[in-house]
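Given only the sequences and the hints, what does the whole structure look like? Please build it.
2 protein chains.
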Amino acid sequence: MKLKIIIALASLWLSFTALAHDKHKSDEWRTLDANKTVLLTLPHGKVVIELAPQFSPKHVEQFIKLTKSGHYDGNKFYRVIDGFVAQGGPEDGSTADKSVSILKIEGDFTTDENWHFTKIQDNDLFAEQTGFKDGFPIGHNLSEKRAWLTHCPGVIAMARGNEPDSGTSHFYIVNGQAPRYLDRIMTIFGRVVYGMNNVQAITRTSAIEGEAPVDKKDYTPMISMQMMSDVPKEQQILLQIENTEHSAYSEMIVKRKKRENAFFYKKPPPILDVCQTPVKTRFVK
Amino acid sequence: MKLKIIIALASLWLSFTALAHDKHKSDEWRTLDANKTVLLTLPHGKVVIELAPQFSPKHVEQFIKLTKSGHYDGNKFYRVIDGFVAQGGPEDGSTADKSVSILKIEGDFTTDENWHFTKIQDNDLFAEQTGFKDGFPIGHNLSEKRAWLTHCPGVIAMARGNEPDSGTSHFYIVNGQAPRYLDRIMTIFGRVVYGMNNVQAITRTSAIEGEAPVDKKDYTPMISMQMMSDVPKEQQILLQIENTEHSAYSEMIVKRKKRENAFFYKKPPPILDVCQTPVKTRFVK
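Quick note, the sequences are listed as chains L and Z, same order.
Start counting the first sequence at 157; every next residue gets the next number (this note's numbering).
Start counting the second sequence at 157; every next residue gets the next number (this note's numbering).
Heads up, some of the hints might be wrong.
Identical chains share a label here; the pair holds if one copy fits it or two copies do between them.
[Unchecked claim] Heads up, simulated DMTMM-like pairs for lysine to aspartate or glutamate below, C-alpha to C-alpha not over 20 Å straight-line: (1) 413 - 284; (2) 202 - 374; (3) 254 - 319; (4) 423 - 300.
The set of hints was computed from the structure by calculation and includes no laboratory data.
Set out below in structure tokens:
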């Protein structure tokens, strides 16, 4: 009798774990919401940006409104510095430029004991902890109960003047080693999830000392900026992103720290730079 | 009498400091040695690489020999991963590939109390100290008396198999967030000092899941790899590099940590990432 119960329980347990395992598998990737995804078309290729309304609601709201109104179509990348940022927006002082509302900075946010993220590292150079939430790179200072999106390559943030609350529509995409000193004093509101090679191919506008300046007519234009949901179905790029909240992602992180591949004949320190830790993208089949 | 001596001494001191000041000014930049500088010509532009024989003598010796023999001319960048590296070399298993001598790794080196570098940061994620020597980014563990060139964007290093002493001629240039976990287990032997935008425009060979693979015929070739000293005078690119041993550079570092510009309405932590700290290049007038 006792044995039968054990067998019954064991088989119940097996079917549960089988189900759990299937569930588990299917959740390793999440499909991007076309209403929170932007398609930037450049002369040389496409770029897909996932917006982050959960972290920077007002900036995303304004960016979507501007995108839908065609504000960015034909704008140029006018400040492009290799290893730093590609910045673009409407012509300074133009009607389009002056018509945009001024935004309040959304540089960091308060966390409480219920707040959770996938931690990958303690004692980062610029944060007490780093990790990911919803695929976005995060810095977190537990002592302050504050967290923020970090300036990793590929993040998109609003440019501003000297005042914290002075961002409008001019934005930059980080194209080089993470300028983490800008964390918390700028508003990051999304990240490039596809086509970073096309961001890297945007014409640099800054010349070095002694070099001829770049002609403005050679600046890279934005052919168009569209919400993915407004793109005709057959031209949409449908993507899935690794689910950084899934146990499979945490397992990858643990493995990555160990560097068990035979290539590592001598083990590096078991440390991860949040900006050098991949969150993969794939095409929806 | 006493006063006259003071005046004489003062005027002597003034002329000395004037001289010292001029000397100081002229040493803020150093001119690249054409015998240690490489010109890589890509279909879309030029790249200049400064070699580091002072850190990786055997690798530089072999790289110069190969460059002079035309080994790299027509080679392709066959492993190009956005945000990681652009790797190139001869076709695997070709006569050229098999003819190259195997190198002993030069991943780090011993320092003593007389060894000096321009320190910029303590307690970096991957090193006890970081800084620069001769314009190259350096990691240093005082406790071990070992230092090394760090994997910042733009450094060139030799690829290898699983064995430490297995590098030949295949090399990579870091094109994304510094993969510092490769520090000390790879041999960095130079860095890009001009044309990093052209490195960034090398065709990526890696496709994401669900994407069509990149056709091998689209891989970016190296039109030529030449020692700058072998390039006809009128086609040479003559560059100067900020002298990281000069007090002006140290002063820039101190200033950079302080972030006194009005843009920083809230000061970031006074921390520098060695891979996000610029060493400028300019054209020789």
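How do residue 423 and residue 300 come out at 20 Å by Cα distance, when the copy is not named: within, between, both, or neither? between (34 Å within a copy, 16 Å between copies)
Between copies, within a copy, both or neither: which fits residue 413 and residue 284 at Cα up to 20 Å? both (18 Å within a copy, 19 Å between copies)
Go through the copies and call it for residue 254 and residue 319: within, between, both or neither, with a Cα cutoff of 20 Å. For residue 254 and residue 319, the Cα distance is within 20 Å only inside one copy (17 Å; across copies 60 Å).
Is it within, between, both or neither when you check residue 202 against residue 374 at 20 Å Cα-Cα? For residue 202 and residue 374, the Cα distance is within 20 Å both inside one copy (19 Å) and across copies (18 Å).
This entry satisfies every hint, going by the numbered hints stated previously.
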